[in-house]
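Number of protein chains: 2
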Amino acid sequence: MSKPYVVGIDIGGTNTVFGIVDARGNVLASNSIKTAKHAKIEDYVEELYQELTRLIDANNATDKILGIGIGAPNANYFSGMIEGSVNLPWPTPIPLADLVSEKFGIPVTITNDANAAAIGEMTYGAARGLKDFIMITLGTGVGSGIVINGQLVYGHDGNAGELGHVVIKRNNGRLCGCGRTGCLEAYCSATGVARTAREFLEARTEPSLLRNLPIEDITSKDVYDAAVAGDKLAKDIFEFTGTLLGEAFADFITFSSPEAIILFGGLAKSGDLLMNPIKNSLDKNILKVFKGKTKILLSELKESDAAVLGASSLGWEAK
Amino acid sequence: MSKPYVVGIDIGGTNTVFGIVDARGNVLASNSIKTAKHAKIEDYVEELYQELTRLIDANNATDKILGIGIGAPNANYFSGMIEGSVNLPWPTPIPLADLVSEKFGIPVTITNDANAAAIGEMTYGAARGLKDFIMITLGTGVGSGIVINGQLVYGHDGNAGELGHVVIKRNNGRLCGCGRTGCLEAYCSATGVARTAREFLEARTEPSLLRNLPIEDITSKDVYDAAVAGDKLAKDIFEFTGTLLGEAFADFITFSSPEAIILFGGLAKSGDLLMNPIKNSLDKNILKVFKGKTKILLSELKESDAAVLGASSLGWEAK
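In order, the protein sequences belong to chains A and B.
Per this note's numbering, the first sequence starts with residue -6, numbered consecutively.
Per this note's numbering, the second sequence starts with residue -6, numbered consecutively.
The hints are simulated quantities; they were obtained by calculation from the structure and are not laboratory data.
One or more hints might be untrue.
For lysine-lysine, the following DSSO-like pairs were computed, each having C-alpha atoms within a straight-line distance of at most 30 Å [to be verified]: (1) A:K286 <-> A:K162; (2) B:K27 <-> B:K96; (3) A:K286 <-> B:K272; (4) A:K272 <-> B:K162; (5) B:K96 <-> B:K124; (6) A:K284 <-> B:K162; (7) A:K33 <-> B:K281; (8) B:K277 <-> B:K27; (9) A:K277 <-> A:K162; (10) A:K286 <-> B:K162; (11) A:K162 <-> B:K277; (12) B:K162 <-> A:K228; (13) A:K162 <-> B:K272; (14) A:K162 <-> A:K96; (15) B:K124 <-> A:K288.
None of these values were measured; they are calculated from a predicted model.
Looking at chain A on its own, in the form it has when it is part of the complex (with noise of 0.2 Å):
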């Protein structure tokens, strides 16, 4: 008898969550542990071995899991490495994939977490169907899934889809975490946010309610209540964001013209606030051929079960 299920891990900067699932998505039970707790990585992996362990066996699945599928920052599909990510507390490069396939014993196939996202939301999400879309998330830092004729795109060495780091200020750029500066990232990610709110703050001097707050603490969940409260230097702060994006996403269908572009992630939750901004300097922006054909797309599923499940759709290949 075939295994019938397989197990997703999506590791976050912040957690690590996981969980079992079925062949047809369903999600058996998952749970989470906290990502940074450990130096070492092969004690964090303990740790997980652990707390997986004690899922599967409450759901009677010991030895029914087929394969493990892992999205993680910079994970590389080809090398089941861990590559030079920022994100994470370990050194890297980290050999991921056999560190968990010999704790388990069983298979383990892992890609980076934005990639993971865009299959659970080609599976099961807003991007059913399509076979060109690009799926952004916007978390902590900016990652990006793409998929190209239904599949998704990892590049001659596994390592493609870093939209994150195209650069969108080429003169006076913000340092990004990469090193380098300008990056998209280092503007519209959550802590991107963060920093234009510094920097509006600083430069402007208009009242706001974000002068209520320490500088340095400002949050983009801080910028959100803000703007959704009214205080016209938060709105100001999205609107800034979402230019950027928009101008960003006109590049990147003059590269695969995708159907949707898909937003995913915290910030992604900032509705109209956000895509207002987007839609606009995309449509001011883009080639006149591409014009009004693109849509943008909120993620149709829960952060977390996007992640588990797309994670987990690798798991019936992993071998």
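With the hints as your guide, set chain B onto chain A.
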């Protein structure tokens, strides 16, 4: 007996080149007509019919043509139409596939000229054996043909791969033929290089061989000749052009992580004058995970051959 030949037609802004090709990629015979001679597309198709029929008859290929493949600016593989081209003399959209197939009574498939060149390069040139590469055509405009997983990228609407229209200068950029500003094509095409020459000659005061020419008549060829003769300002123009291309390529690589970017077209013949600044700029601007992984190559095909061969390969699938 199945028909042993196909016809490839490459429609450029100046010349239309066509040839009869066998299954091994031998060009049995070829000829050309001027593209812009006729104000009406029907008259152009009529001349093409006359000249191509003459060529076919002279080579005993009558009734032996399986299909016709055409590469043309802004030609859409899915619709068979030329959509919104700025480099052809006729009003768009043009139902090119229908016009030609009705005339000849032979099935016709079309795609844009850069895509045709990419197919030609993959079949017969520098991209043999590559599954992930980007062809950049540096001619009157800047075009691109993108291959991922061994397949040409058409996008959901057939228009993907317009990398000449990514924005490389977001502020104070040059007006592009597409009506937008700052496009790569406005800087790194043959005409873009000539524009750079005029800008540099006006902005700078040093002597230059280019000052011996009427400024409005300067071509990229003149800049090349001056640079080869050691002219500092002309060499700076190539430095400027290559630097922008390298910056753009760094962004392209974040998208699809190709094994190679292959340069094609008149300007690509500038050799190290262009290649060195491209490579330096790419190396300086590339995201670390991609560093040193993508080769920058020159096309190995004669310009006309690549386009005709690439277009002809579509003839085998025409129906």
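Numbers of unmet hints, in rising order: The structure conflicts with hints 3, 5, 8, 14, although it agrees with all the remaining ones.
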